[in-house]
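Once you've looked at the hints, dock chain D against the given chain P.
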Amino acid sequence: MNEILVEAKGLTKKFDDFLAVDAIDFDIAKGKAFGFLGPNGAGKTSTMKMISTVSPITEGEMSVFGLDPRTQGRQIRQRIGVVPQEDNLDVELTVSENLYVYGRYHDMNRPEIRERTKELLDFAQLSDRADSPVEPLSGGMKRRLTIARALINDPELVILDEPTTGLDPQARHLLWDRLYRLKQQGSTLIITTHYMDEAEQLCDRLVVMDKAKIVAEGSPRALIEEYAPREVVELRFTDGHKDEAESKLEGLANRYEVLADRILLYTDDADDTHRGIVSRGLDPEQVLVRRSTLEDVFLRLTGRRLDD
Amino acid sequence: MIAIRAPLRFFESQFVAYRRTWRGTVISSFLNPILFLTAMGLGVGSLVDDGTGDLEISYLAFVATGLMAANAMQNGSGEGMWPVRAGLKWRKNFHGAITTPIEPGDIIVGRAIWTLLRLTVVQTVFAVIAVLFGALELGPALLAVPPAALTGVAFMAALTAFTVTRETDESLANMFRFVILPMFLFSGTFFPISQLPGFLELIAYATPLFHGVELVRKIALPDIDPSVVSSMPLWIHLAYLVAMTALGIYFGSKYLSRKLRP
Numbered sequence: 001m002n003e004i005l006v007e008a009k010g011l012t013k014k015f016d017d018f019l020a021v022d023a024i025d026f027d028i029a030k031g032k033a034f035g036f037l038g039p040n041g042a043g044k045t046s047t048m049k050m051i052s053t054v055s056p057i058t059e060g061e062m063s064v065f066g067l068d069p070r071t072q073g074r075q076i077r078q079r080i081g082v083v084p085q086e087d088n089l090d091v092e093l094t095v096s097e098n099l100y101v102y103g104r105y106h107d108m109n110r111p112e113i114r115e116r117t118k119e120l121l122d123f124a125q126l127s128d129r130a131d132s133p134v135e136p137l138s139g140g141m142k143r144r145l146t147i148a149r150a151l152i153n154d155p156e157l158v159i160l161d162e163p164t165t166g167l168d169p170q171a172r173h174l175l176w177d178r179l180y181r182l183k184q185q186g187s188t189l190i191i192t193t194h195y196m197d198e199a200e201q202l203c204d205r206l207v208v209m210d211k212a213k214i215v216a217e218g219s220p221r222a223l224i225e226e227y228a229p230r231e232v233v234e235l236r237f238t239d240g241h242k243d244e245a246e247s248k249l250e251g252l253a254n255r256y257e258v259l260a261d262r263i264l265l266y267t268d269d270a271d272d273t274h275r276g277i278v279s280r281g282l283d284p285e286q287v288l289v290r291r292s293t294l295e296d297v298f299l300r301l302t303g304r305r306l307d308d
Numbered sequence: 001m002i003a004i005r006a007p008l009r010f011f012e013s014q015f016v017a018y019r020r021t022w023r024g025t026v027i028s029s030f031l032n033p034i035l036f037l038t039a040m041g042l043g044v045g046s047l048v049d050d051g052t053g054d055l056e057i058s059y060l061a062f063v064a065t066g067l068m069a070a071n072a073m074q075n076g077s078g079e080g081m082w083p084v085r086a087g088l089k090w091r092k093n094f095h096g097a098i099t100t101p102i103e104p105g106d107i108i109v110g111r112a113i114w115t116l117l118r119l120t121v122v123q124t125v126f127a128v129i130a131v132l133f134g135a136l137e138l139g140p141a142l143l144a145v146p147p148a149a150l151t152g153v154a155f156m157a158a159l160t161a162f163t164v165t166r167e168t169d170e171s172l173a174n175m176f177r178f179v180i181l182p183m184f185l186f187s188g189t190f191f192p193i194s195q196l197p198g199f200l201e202l203i204a205y206a207t208p209l210f211h212g213v214e215l216v217r218k219i220a221l222p223d224i225d226p227s228v229v230s231s232m233p234l235w236i237h238l239a240y241l242v243a244m245t246a247l248g249i250y251f252g253s254k255y256l257s258r259k260l261r262p
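As they're listed, the protein sequences go chains P and D.
Take the first sequence: its letters are residues 1 to 308, numbered as in my numbering.
Take the second sequence: its letters are residues 1 to 262, numbered as in my numbering.
Looking at chain P on its own, in the form it has when it is part of the complex:
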């Protein structure tokens, strides 16, 4: 049985009349990577802020390390690391000074911080930039520095809010690699993302959030199995031919979704489906066969795409 680090029951956040998080329940086990997947505005960041005790809980119960965020915020924050959605590195300080100041906020002594800074800059691949100002760093470097800064106190729980949003593919993969290493070292991670590939890569378990509620929960694999058949055939048609094609799809797949630019056919056997398409005389401009992803799960659950 895994030890539970974060437990929430009926967790709710309201801003005046706006309901940002609507009575959600979740348990986060020690040593796992737990994801919150959902579109912008689903309530992920508000949930992260309540866990990291920088936003008061409106209603419901939550415990972090068995402590109460309402009264024991300081003790909780001493044991977590936070990577916010928006970089807030101190631009008036150098790379290593950013780590130093955070170490002092955590009441660490100087030799401790020195040693940890060396390790973390190495981990973040920023050792040669230790004395550089923050401003000229690339987006990926800033992000890695923000993560290094969040790790200064050797946290038991690391909260990452949209860790790779806005980064180019190469920088994302480098970051994923670092986060994967962190996970292997036994850290507990909470990650929010609206990228399904990120959730699939990093998360052991995840919840899908939409409109302030949790709409599904499970491992990425289990969610895909439950909500989306194994394979997807994507069809693109030249202008005007999509509507005509739609009328001939019945029975070709378990289910289909018509999007603005293409039709998705969910099936257990893509070859079989493809043969059906040809035999019914459909003439798509482009056919793409791929495995189902969390994007498909989300589409199934909400009827909308993640980046809508």
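Do not take every clue at face value.
[What the hints assert, rightly or not] Here chain D is said to cover these stretches of chain P; the calculated rule only asks that three of the stretch's residues, wherever they fall, bring their Cβ under 8 Å from a Cβ of chain D:
1. 82-92
2. 95-104
3. 290-298
[Claimed, not checked] To give an idea of the chain D side of the interface with chain P (calculated C-beta under 7 Å), a few residues:
4. E12
5. Q14
6. A17
7. K89
8. R91
9. K92
10. T99
11. P226
These aren't lab readings, by the way, just hints derived from the structure by calculation.
Note that the structure is a prediction, hence the values are computed from the model and not measured.
The beta carbon of each residue, even a glycine, is placed where N, CA and C say it ideally should be.
Just chain D now, kept in the frame of chain P:
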């Protein structure tokens, strides 16, 4: 125990950035007293002292004590506005700090300690320059440093609370234009407020700078002609400034908490 050390940790973090910006502030802390004492003390003062001739102390001493309080007000107000705006908007270091064991109240208290230290240094420089100008004896000049520093901290605390609740930089500039500058001119820095027309004198009594100026003057110049200062006892000035500091820190922490932890 971290709860007690946390404000000190934030205080300490102020040094790290200051290491790169201290030169500019050092120059202005020397230049300000020299310029003001030259213009007001030696320039205007020569007219004032020649004109009346019956002052117990020189106008230079009178205005030097007033300027120390006023200078502390300006520095303290600056500390209450720009670094706070930066912490929330430009540098965002306040947003970062509160994800660690630091609480919003620690930020304000830490900044108040920082301001106290900085003003003690700045006002000591002012005091030494006032001695070199022959405005004050060394003893009285140094006695003027703590009340002047307290005046600055009171302004820092009050303006921190103000700044946290403002969204625009315009409102900060207006604060300087319409509140700080008139106070500088009409709260007893350059002439006794008894010279003001009745209702303006009453307003001057209520201003924090008046209490700062009087506190500095009465402590540094105990033999001053009673007609150029108010008859209020020292403790009223002291209580005013301490209350202003306490209220500024209390409301500043409250507003900052609301802002940083929506």
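A quick look at each hint next to the structure:
Counting residues of the segment 82-92 of chain P whose CB lies closer than 8 Å to any CB of chain D gives 7, so the stated coverage by that chain holds, three being the minimum. Counting residues of the segment 95-104 of chain P whose C-beta lies closer than 8 Å to any C-beta of chain D gives 5; at least three are required, and the coverage claim holds. A count of 0 residues in the segment 290-298 of chain P with a Cβ less than 8 Å from any Cβ of chain D is obtained; the coverage claim is therefore unmet, three being the minimum. A least Cβ separation of about 6 Å between E12(D) and chain P falls short of the 7 Å threshold, and the interface hint therefore holds.
For Q14(D), the shortest C-beta to C-beta distance to chain P is roughly 10 Å, which exceeds 7 Å, and the interface hint is violated. Given the 7 Å rule on beta carbons, the hint for A17(D) holds: about 4 Å separates it from the nearest Cβ of chain P. A distance limit of 7 Å between C-beta atoms decides the matter here; for K89(D) the minimum to chain P is near 11 Å, and the interface restraint is violated. A least Cβ separation of about 6 Å between R91(D) and chain P falls short of the 7 Å threshold, and the interface hint therefore holds.
Hint status for K92(D) relative to chain P: holds, with the closest Cβ pair at about 4 Å, below 7 Å. Hint on T99(D) holds. Least Cβ distance to chain P is approximately 4 Å, under the 7 Å limit. For the restraint placing P226(D) at the interface with chain P, the shortest Cβ-Cβ distance is roughly 49 Å, beyond the 7 Å limit, so the hint is violated.
Comparing the model with each earlier hint shows violations of hints 3, 5, 7, 11; every other hint is respected.
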